[in-house]
Amino acid sequence: MGWRKELSICFKAFNAALQTKLEYRADFVLGLTGAIGFQAASLGMLSVLLHSTELLGGWRGPEILLLFGLTALTQGLSELFFNHIWYVPLYVVRGQFDRLLTYPVSTLPFFLVTSPELHAFGNLIAGLTLFSVGAIKLGLPWTVWALLPWWAVCGCLIHTAVLTLCGALSFKIVGSYGQHYWVSNALLQASRYPLNIYPRFMQGLLLVLLPFGLINYVPASALTQRLPLALAIIAPALAAALCVSVAWTAFNHGLRYYESSGS
Amino acid sequence: MEDAIVVKDLRKSYFRRSREAGLWGAIKALIHSPKVEVPAVKSLSFSIRRGETVGLIGENGAGKSTTIKMLTGILDPSGGVLRVLGLEPWRQRQQLARRIGVVFGQRPQLLWDIPVRETFTLLRDMYDVPAAVYAKTSETARHLLDLDDLLKVPVRQLSLGQRMRCDLAAAVLHAPDLIFLDEPTIGLDVVAKRQARELIKWLCREFGTTLVLTTHDLKDITETCRRVILLDKGGLLFDGSLKGFEKHFAKDRRLIADFASTLTAPKRRRLETSLKRLGCQVLAWKGGRLTVSAPRQSLLAQATRLVLLAGEVEDLNFERTEIEQIVHQIYAKA
Amino acid sequence: MSTRAYVSFFKKSLQAHLAYGGAFFVSLLANAVGFALILLVWRHAWRGPEEQRASFFAYLTIAFAVNFSLNLFLERSIGERIREGLIATDLVKPVDFQRLYMAQSLSDMLFQVFLALAAVAVAVPFLGTALAPASWAHAGYGLISLGLAFFVQYFLCFVFVQGIFITYQNYGVFATRLALHQALSGTFAPIESYPPTLRAVAEWLPFQHVVYTPTSIFLGRVPLERVSTLLLHQALWAVALYALGRWIFSLVLRQMTVQGG
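Taken in sequence, the protein lines are chains A, B and C.
Counting from 1, position 46 in the first sequence corresponds to residue 46 in our numbering; the numbering is continuous, with no gaps.
Numbering-wise, our numbering comes out as the position in the second sequence, counting from 1, plus 1000.
Numbering-wise, our numbering comes out as the position in the third sequence, counting from 1, plus 2000.
If you are wondering where the hints come from, they were derived from the structure by calculation, not from laboratory data.
Please note that the accuracy of each hint is not assured.
To be verified - Once the Cα atoms are required to be at most 35 Å apart in a straight line, the calculated DSBU-like pairs of lysine-lysine come out as: (1) K1233/B to K1008/B; (2) K1233/B to K2012/C; (3) K1152/B to K5/A; (4) K1136/B to K21/A; (5) K1193/B to K12/A; (6) K2011/C to K1035/B; (7) K1152/B to K21/A; (8) K1136/B to K1152/B; (9) K1193/B to K2093/C; (10) K1286/B to K1219/B; (11) K2012/C to K1035/B; (12) K1136/B to K1219/B; (13) K172/A to K1035/B; (14) K1028/B to K2011/C; (15) K1201/B to K5/A; (16) K12/A to K1152/B; (17) K1008/B to K172/A.
Please construct the entire structure, taking both the sequences and the accompanying hints into account.
What follows is the structure, given as structure tokens:
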């Protein structure tokens, strides 16, 4: 099947699933509060840090808001379109990939889009707010808003690709709750602070191996004149392309170890 | 015509970590647990021609589901040759998927968050089903399975039986060349079971679909299949026509007679002796009801004559052994 | 009702933890990474007087251990069962629902205490005596406080879980509680070092009694004469939350519809 066709099938499936989810109004409201509450809590922690020291790695409060905003935004996008990736461990344990594997489409993209999560909107709202507040306080030029979607999409792909690698691992590590996702999540949370406060190896890890730094740190560094803008435009896209292709290969390799369940 | 399915020396093993029972065993397993190979299918060979309807039977753990999962490209075989519609299932999964329909009764898996109707149109697009075929299959499925009320509801709100019906309908929308049904009637009530079998029969008749079916309800097989493959412990125990299967294993015929009044003890003894001499076996005497088993059809007539002469018979019935009993007997022997 | 049912449930759920060997070590890793990151951030951000440095990091370590031990994830275990319509099988068991899951949570805690101790052991070479309790009395009261913290945490989670019965949605409930917990429990920093507004909020809510109170008592960050007041506060919160949970649960049961068929 051509990729265009597959894309349109994925889009239809996403559309139908999103519509269904929107019918559950309580879910929507609770999801929003939950996600926004989460972001607020992390702001609380930031306020504790800034109460102790005014500059964090040379970054001021509003500058750090840019970092927080970009992460929340990409997280929201990933949850909106690809949230199903979190369920791979559960599907593996219960043998639920069976049905999906009998469909004539690529397993990964179709699987990814069929369970959008509404709390994504909470993170999207929080992310946009945090970023806007930072940008306005810093008096950034309007071109920022033209670049934001680009960074958000690249970031979303990087984030989802890393989670997909975790998903691929689930085929080998059969555990019901996918604890290894939380390793990546802990690193994502850490990457919201300016990376230069961390030791070298952590910076290397977050810029090269699991390039969460390219989601927020590199773009925000460019916006605050710490890095050339051109680098901040090209690097995330390259990282996203690389991550996606690695994750895709790993996931399809992982499927080979899928054992289904039952007799 | 080429064969729909060719299986030669097919094998599949799982690897399990062994661990002792109890809390202490669980703690020990954290440090070290040896890997153990568990063969699920051991050297299986058979082939199925196009248009054949085949029932795959066997106890739990006989390897039925594993076999179906290999045939459908879900599991990668550990060894052997496997061709389905001329394709290699695991490697050419997507190509194969377009031409087969699959139902897993244990876990109906329509897309969880999407209403059934949307799932149907999505599948139509996914499989590129021609409008004429879709009109026919969807109409028949809706009609035979009573789906009209279910179409608008998201899958997660359906009961298991309802999901099963929808899943069955979804699997046949593209009029597949080959259809695999793994326990398709599990969780269905008697009426829905009959409807499901009707749909399967209609499909095989209308499109010449090849059918491979596993089930615990052997009535599914007697009503829809012509051929039976019996698996045991990952190997082949029997492969042949349903009639041959019954002939091979079910020579046993039964005669049930209800006497108008209870026979006197000497009369009963006399009847029993003469039946035994004939080679028949008295299975039960309950009140006025006598059950006799005859090992061959030809003996049944003579046994009947003896019974009718022994006293006034109100009602007389003949029974063949049900396929279920046969399977049960086979496993009891093996 | 005998306690045997609960004991057996406790043992079974402990076993379930150990069943997946690989996952066990990975979850260890995830938590170690989370903790290391908090330390790394504070290593950079700490600006207090140098002589308090060790005691601040000792607080972070013990607070992490306490917090980790009391991770209950009740929303996950009960939430999954509610959403899949399995909760009915729990409700027809001849045991008290609130206590049934308390047995499971106790086993969660026991399991996690061992892991937490391992984390503390790793920190000993760096922080040395700063990790030791201030006195035997502080150690004893700290352990009592940890026990009370379990009840506060369990009954608090149980109240939040009721939200899942009503909405069938566990993310929102879980995220809301976890957000409040992260911001207000004092896991990330001792409550004294919070900015004034956040501190005022934290002091009015029960979350601080899950992590901050036992940690501070154990390390002697509060004088002995204040300990009894703190323990009393913990106990009162536990009782209040227990009663609140039972009351809401009885309301929920009355109008419960079980998902699916």
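Results for each hint:
Only pairs whose Cα atoms come within 35 Å are accepted, and K1233/B paired with K1008/B is accepted, the gap being roughly 17 Å. Distance hint between K1233/B and K2012/C is fulfilled; the C-alpha atoms sit about 31 Å from each other, no more than 35 Å. Between K1152/B and K5/A, the direct Cα distance comes to roughly 26 Å. Compliance with the 35 Å bound is thereby established for this hinted pair. For the suggested pair K1136/B and K21/A, the alpha carbons sit about 31 Å apart, so the restraint of at most 35 Å is met.
Between the alpha carbons of K1193/B and K12/A the distance comes to roughly 32 Å, so the proposed pair stays at or under 35 Å and holds. The straight-line distance between the Cα atoms of K2011/C and K1035/B is roughly 25 Å, inside the 35 Å bound, and the hint therefore holds. Only pairs whose Cα atoms come within 35 Å are accepted, and K1152/B paired with K21/A is accepted, the gap being roughly 14 Å. A distance of roughly 20 Å separates the Cα atoms of K1136/B and K1152/B; the hinted pair therefore holds under the 35 Å criterion.
Under the criterion of a C-alpha separation no larger than 35 Å, the hint pairing K1193/B with K2093/C is consistent with the structure, at around 32 Å. Simply put, K1286/B and K1219/B have alpha-carbon atoms about 28 Å apart, close enough for the 35 Å limit, and the pair holds. A distance of roughly 24 Å separates the Cα atoms of K2012/C and K1035/B; the hinted pair therefore holds under the 35 Å criterion. Using a Cα cut-off of 35 Å, the hinted pair K1136/B and K1219/B holds, with the two alpha carbons roughly 27 Å apart.
Our distance criterion of 35 Å between C-alpha atoms is met by K172/A and K1035/B, whose separation comes to about 14 Å. Of the supplied pair hints, the one linking K1028/B and K2011/C holds, its CA atoms being roughly 16 Å apart against a limit of 35 Å. This hinted pair checks out: K1201/B and K5/A have alpha carbons roughly 33 Å apart, not beyond 35 Å. For a cut-off of 35 Å, the pair hint linking K12/A to K1152/B stands: about 17 Å separates their Cα positions.
For the hint pairing K1008/B with K172/A, the CA-to-CA distance comes to about 29 Å; that is within 35 Å, so the pair holds.
Figure legend: structure checked against the earlier numbered hints; every hint is met.
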